[in-house]
Structure formats: structure tokens, C-alpha cells
Amino acid sequence: MATGPLHHNELWETLVATAILGTERRPFIQLSAGGALGAALEALDTSQGERALLEAAALVSAYRRAGTVPEVCAARPGAPESPDDDLPVCSPRAVAHLLAMLNGTHSVVLPEWLSALAAAGKRAPPSVLPEILEAGRTRSALRPLIRAVLGARGRWLAAQNPDWEYAAGAAAPAILADPAAVNAVWQTGSSAARRALLDTMRSVAPDAGRALLESTWADERAEDRVAFLQCMETGLSMADEPFLEGALDNRSKEVRAAAAGLLARLPESRLVHRMIARLAPLLRRVPPERSWLPGLVQERAGSIDMTLPEMCDRAMVRDGVDTRESDGASPKERVQWLHQMLRGVPPAHWCACWNATPADLIAAAARSKWRDAILPAWIYAAWNTRDADWAEALLRLDPSHAELLPLLPVERQEALLLDLLAEGEGLLGLRRVTGLLRQTRHTWRPHFARAVLAAVRNQISNPLLPVDYGLHGALTDFALRLPPDLLPEIVRDWRGLAMHEQWQGAIDRLLATLQFRSDMLQALRD
Amino acid sequence: MPTTLTAEQIVALAPDAASATAGRALASLHKWQNLGQNDVAAWGECQGSGKAPYRVQVDLREPAFRCTCPSRKFPCKHGIGLLLLLAAHPAAVTAGAPPAWVAEWLAKRDQNAQRCAAPAAGAGAEAPPVAPKRSGLPGSAAAREARVADGLEELDRWLCDLVRQGLAPLQGRGHRFWDDMARRMIDAQAPGVARMIRDLPQIVASGEGWQSRLLERLARIHLLIAGYRRRSMVSPDVLAEVRSRLGWAQDQERVRAGPAVRDTWLALGQSVTEEEKLRVQRAWLWGERTGRPALLLSFAPPGKSLERSVVVGTALDADLAFYDGIVPLRALLVQRYSSPAPIQAMPGHATIASGLGAWANAVARNPWLDRYFLSLTGVVPLLDGERWVVLDGEGRSVGLAVRPQQGWRLRAISGGRAIALAGEWDGTALMPLSAWDGDAIVCLD
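Same order as they appear, the protein sequences are chains A and B.
Numbered according to the working numbering, the first sequence spans residues 53 to 578.
Numbered according to the working numbering, the second sequence spans residues -16 to 428.
It is worth saying that the hints were derived from the structure and are not from the lab.
Where is the CB? At the ideal position from N, CA and C, for every residue including glycine.
Please note that a few of the clues may not be correct.
[What the hints assert, rightly or not] Computed list of lysine to any residue pairs in SDA-like fashion (alpha-carbon distance at most 20 Å, straight line):
| hint | chain 1 | residue 1 | chain 2 | residue 2 |
| --- | --- | --- | --- | --- |
| 1 | A | K174 | B | D422 |
| 2 | B | K14 | A | P428 |
| 3 | B | K34 | A | G548 |
| 4 | B | K14 | A | R547 |
| 5 | A | K384 | A | P428 |
| 6 | B | K14 | A | S570 |
| 7 | A | K174 | A | D136 |
| 8 | A | K174 | B | G421 |
| 9 | B | K14 | A | E285 |
| 10 | B | K260 | B | D182 |
[Said to hold, decoys possible] Here are the in silico distance ranges between beta carbons for each label pair:
| hint | chain 1 | residue 1 | chain 2 | residue 2 | range |
| --- | --- | --- | --- | --- | --- |
| 11 | A | A126 | B | P325 | 36 to 46 Å |
| 12 | B | W141 | A | P214 | 48 to 58 Å |
| 13 | A | A474 | B | N21 | 51 to 61 Å |
| 14 | A | A454 | B | Q16 | 40 to 50 Å |
| 15 | B | H13 | A | L151 | 18 to 28 Å |
[What the hints assert, rightly or not] If you want the footprint, here are the derived chain B segments under chain A, 3+ residues with CB under 8 Å:
| hint | stretch |
| --- | --- |
| 16 | -4 to 5 |
| 17 | 143 to 153 |
| 18 | 200 to 210 |
| 19 | 367 to 374 |
Can you make the complete structure from the sequences, with help from the hints?
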């Protein structure tokens, strides 16, 4: 039985259906079609069904393959074209360095590549933008650096992939000129997009950012509120104080703590004044004594004495003091209250109050029987208020609080570290400051780098000393901070230096990293 | 002759990113001694971790590399370093006569080249138009013909059994079922058709619509059997095609001796795939004047490096000799007349319809064609739902066979505008190999 002329799609479907069942159960039937294909099909020998099926299938599938026509696409280029980037593209060598790092070679140098690219006023070629954006997806610490180098093309691309939302549009202050766009993101965007928007607004127009947050504050979830308060850090000023003071009435402890932390950074805030008022009757500086010994004046730092608070009232809890029992508490609990109140006062207040330097007061606190309540509170307060003088004085007392180091400008960081290095009589000094050296985030200046390298050389070329594994591990960080220009000098000084073989590998890696950075920075300048 | 390759193209010669980085680190003058160059080569000695420095030499005409270091990578970092150095400081490398160790190597290379080229010079007129019997014992060639013929008859019965009993039960068949038949084809000395059978279980497991795809493959195998049965009746080109597909290797020397096609050949893309524990590199060239694609194949067992005779993104004035076939694609590079130079623009089809027209032409003549080179000059890559496609100015599209990250790379390169891209078309989707970013080719590996 023959069929009428069939379209090639129907022909093919008939053949497939026959093949699925098998010609045993569904015998092959002569197919007819128009044109040359029809003529060829009719010419087939159909005496053996299965062979005829294969022949027909060969014929029809070749016909269909040759006749493939492109689909009419339903999708349109949709998104608008990317705006142009003005910056010049970095050199192919710079790209090769980038790709090597993204593939795991010297990947710790990637942040430096990104910042050097931005500093050189160049951009990455479009073809590597997906890799850069992907790196930021998994390594969130890179994101600020990545945002700075994406350019218009990168932001355009990031906006099309939800995985790269962190980079979409956030760096474009242009959006701020468009209230409708701001509103759209703020009302309907994801938490991440809203945080990014608030961050941007706080950096250029802090008051507008706060107003935006206030407009929806009552409806936000507690975890979003905490996150948004973190954004308020940028551009924080007394103008934010009324809003933050209001946030202290929030039911969530985390929200209150976040608001209190911000208010503690504003010396004129009502919260700071309340804390000072609470502490004033409790804290007392024992003045330095002058003891006259024959022939010399010995000055002592004095001490700090305190009276424990009797109770923790509601107002204190509102200001962020965390308590389990409100009164009749153990002395330990009461020390905790005092510690928490101290955290809420900018340390500079005590200098003014007692007319003393941070160093004096820290020495006094160190001699106090309450030192374990006072010093940690001051360390926190110095960090919270970004007080460089206090940070430096605290580090001189105890270099282990490495988180304070970034509060100092780099010149002061280096000066402090040089002092500490010298103080400790060389070897001991190096061991004390290793942790701080690892915390530095800038490229060391030559004289500082030379001093550190000299101390390291002394340490590792001394056959009597055991291998200092802290330093051994720190060399990988040092390799990221040493100025690459020093490379020839370092190679000269270190070649042929006798050392324990365990050091050799670490030194080789340091030199390799330095060489890579040197090449990389050169390639970015080209 | 200073190398005309750009640093990027030199880096592209490196077998991996680590070699590229290491090569760049070596591209500084103080790491080298006894540097020199002449018209065809550059050489130098590079201090490594061993006592004696490594002797590094590059034949700039290809480029080809040789180094005394123990690295198994090819080219090694020293070769890459030397080329980069030469590109960066051409004046710093003194021109002069090569030392003995370089001269010897070059002489040997020239000898080899002449041996290959010599038959080409005299053979033109008497080149046999028909694929000849392989040299060797006539008995052995005839014996193979007989074995293949017997094997294909068995395969034909097997195929007929499959379609008689229906494709539906095949999903339950294990790998053994297919392997057994493939092995019988190996025994029958038809390795090409054995490969086609080994691909079948993947098709069976390929999800919805597998029966349609499987029938297409079975029909193509059947067509090959039919073609071989009619071997005394078909044209020489068809016979050569059928024999290649079945697994007869065409003699390289004879291919070289065949007529050469001289053109400026643009290397537009390259792919490396793994086939039966062999790495297969396909480099696609495009003839500027002839407007035809050419395919350079090279193979390497695991652990060995692939020969890199062309650099993607460069053009080369050269003679190619094509293997016989219905639509000759595979070729050998027989003679170079220039060093590779960066290409200035990507040629190709302005619309998808025109590109598919070229494919239609080719596949209409050669039904066994499974891959074709397609270069499109004005398409926008975009994500259509979950699927990457390219869209041309006529509103037509084809699907791309890409990993998501490659799709995003194309999108980034385009900036939402039309770009040129080139790749392999398999009849249903385009696997992009390279794209033009406005200044140069970007390889999408």
C-alpha cells in the first residue's frame, strides 16, 4: 500500500517509527514524495524490507541534513548593546599573567594585578571578563577590586548573569541620577543588589542613602536590617545619629548591637554621652607618683581604678549592654557591664578627660587590677573609631593585635615596625613582628624592605637557630609585599648565602613570586 | 629574519599555561648566552638547573623547536622564551652563522623537507587520478579487500537484524553488544567503520529522540557498505572517500606528491578531542583566494605533545596537498613560502543561511560528512532561554555547542553587537573555536 506524497518531516517520522518497532512487526511500505527525493525513493529495491528501510533512511536523512535551514529566532538581541569603554586594553602579556593566575599559578598575586590594572588606567580585554567575574563569585574578597576594573562592558555583562550580580551596576554612580532606577532596585531587587546600591549611595550621597533605608526600614527583615546598618559605615556622620538612635529601640539584639557600634564611633552621639555619664563616677585615674630617690626622678604611669556598676538598667540594655541578670549579679557579670560600656566610648575621650597620652593611659591600664576588662575594651574602641594614635600605642604594648595595624597610615606602620624590630634585639624583634608584617597590605618601601630582609637573612643564616616555622610560612606573604624593583639586589644578596636546606625552597618560592610580580607589573605598564 | 609572530601568538604555541608563564620568565637577555640568529633560525644557550646550559634552537620558518632540556613538553619553555626574547629585542640578538649544533639540525630538516618535496616536483603529470592499491605485497592488499568485503557483509546482516527486530530494545544492550561488532570490524581491517560502531552506544544513551539519531547513523553505515559493494562502479572520488571512511589510510607520500593548492591560508580555529585514547587535533584553515576550508589533522598518544604546524590567528602563504575524497578537506602542508603573519580580518559567511548553504553543498555530495568548518561574520551570540545561540542580521539563528563559560566569553567579546566567529558545524549545532574581537582572533578553548 502506498501513501500520498509526504513532507520530508513526515517521511522521516514514518521511517523512525518503523525502525523503532522493527520491520518484522511493522513492514516497510513504499513511501512517496514529490520531486527528486520522491523519484529516488521510488527507485529503491523494496524486496527486502529492512534493507529498503536503511536505504530510504540514508536518502531522507541526507536530504534533511543538506536542507537544514536556520531557525527563525524568537529571541531578539534583547539587552541593549554595551556602552563603549574608553580605557585602553592591557597588553596580551598582561592577559597571559592574568590567565596564569586564574589557572592557579601565583593566584595570590591576583589582587595586585587587579589594582595595578586600575592604577595603570587600563582595562582587561572583553574575552577574559567572564573569568574575572567568575573569580569574584568564589572569592568575595576580590569583589571591590573587580568592580573597579570591569568597565562598562564588564558591568553590562555582569547584569546578564545572576551569578555575577555582585558586580552588576554597583559601581556606576550614574544610576543615582535616575531616581526611578534607584527606586526600582530598592523596591524589587535582591538583598545583594540592594546592599550594593546602598553602599554606592552612601559613598556619594550618604544622606540620600539613609533616607532610602528609612523609607522602608519598618518593613525590613531583621537580618537585612543588620546588613543595611553595615552599609551605613560608609559616609557615617552625625546626620545619621537620629536614625541610629531610633534603631536602638529595635526588638532584635543584633540590630541594636549594630546601631550601638556605629553610634560609638560618633563622639557627639547621645549614646556616647550616656556611656560617658555612666562611666564617669565609676572610673578613676590614680595619678602618677613621683618618688624621689637620691639623684633621680622616677616617674610612674599610675594606674586606673574602678567601681563596679550596681545594676544594668533598661537604658543600658537599649544602648547595647548585653546582660543575663539585671541586678544582684555576680562581680564577674558586673565587670562585663563595665567592659561593654567602655567599648562604647571613643578612647580619645579619656586622653581629654585625664589630660594624658594614649601611651600613658595604656601603661596605667596595664598596671591596673582591671586590665583584662579595660584593655580589650580599648582595643575594640580604638579599632571601632579608627583611632591611629591609640592603635599605635596599643601595638607598642602588645604587637599581637595585628588587626589594629591597618588603622595606621603606611608610613607610620613602617616606622612602628622598624622600632619594634630594633627594640627586640634583632632576632627576637623579628619574631615579635612577623605577625604584623603579614598584616601589611601595601608594597613595602625600599628602606623598610631592606631592614626586614636583613633581619630575615640574619635569622636564617644562623646555623645555631632552629627553623622558625612562623617566619618560614610568612615568607609567602613577604613575597607579595616586597617591592619588585629590589629583585636584582635581593638575588645578589641571597645567592650563595649558607642556610638550612629547609629555607632554600621557601627562598626560591619567594624569588619566583617576586619575579612573577616584577614581570606582571612591567607587562601592565607596557 | 626576525620572527613576525606577536608575543601573544608565541604564547599560544605553548602547550599549557605553565609553560607560557615559564617561557615569559625566560625571555630576558641575562638568562641567555651565545644568542644568535640568521634568516631561518634562532639559537641560544639557557642556564637551567643542570650543569651544562640547554641548547635551544628554533626553525623560524614553521616555527619548529629543539632543545636539550629533559622536559617532555613541546615546545618547552626554553623555546617559547627564545622566541619571545627575539620578538621583544630583535636587535639584541646578533645575526651570524649558526654554530655546528644548529647547522646540523637545520641541514637535517632541509634534507627531510626536500625528500618530501622532491616527488612533488616531478609527479604532477603522472599522478594517478585513482586511489591506487597500497604498495607492498599485492597479495596482502587483495587479502585485505577480501577481508573488508566479508566483514561488511556480516555488518550488513547485523544492521538488517537490528532494524528487523526494532530499535526499541537496544537501550537495554550493554557495551559488549556494540564492542563485539566493533572488534569484528577491526579484525576485518575496517577500523573506520569500527569507530562508527563504537559511537553508537553514546547515541543510544543520548536521551529523547535517540532513535531518530541512531537510525541516521545506521543508515550512514549502511550507505558505506553499499558504496563499497559498488566499488567497481563509483567515481574515483567516491571510492577514495568510501575507502578512507572504512579505514584505509591514504599514503602521505602520495598525497604530498599530488597537485598542490597554493594560497594564503588563514588558520582560523583549532580543536583537540580525545578519540580512543588518542588526542586528535584539528586545525582549520581557510584559503583566502580559493575560499575553501582545509583541515590539518595531527594525532598524539597520551603523554606526547601534538605537533603544532600552524598558529591560529596567523596567515601563511603555502602549498597544501589534499587527501582524495568527495569534498576534499583534509590536507598536508607541503611547502611554506612565508612566515606566519597575523591575519587582518576574519573571512566568512555574512548570513547563517549562506553558511548553511555551503554545508548543504558539501553534505549533498558527501553524505558521510560529519563536521564542516563554518565561519560567520555578522552574528550576535546570546542566551535564548537556557541555550546559547547566534543570531544573524536576517533574524535567523543556530544553536551553539558551548560550555556556559564559553558562551559568556562570546557574549563579552560581542558586547551585544555582531561579531565574526568560526567553528565546527556538525549538522545540528556550531561548536565555536574562535572569534574576532575587533583586532585579533580569540581562541575559545
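Next on the checklist: Checking each numbered hint in turn, tell me which of them this model violates, lowest number first.
Outcome noted: 2, 9
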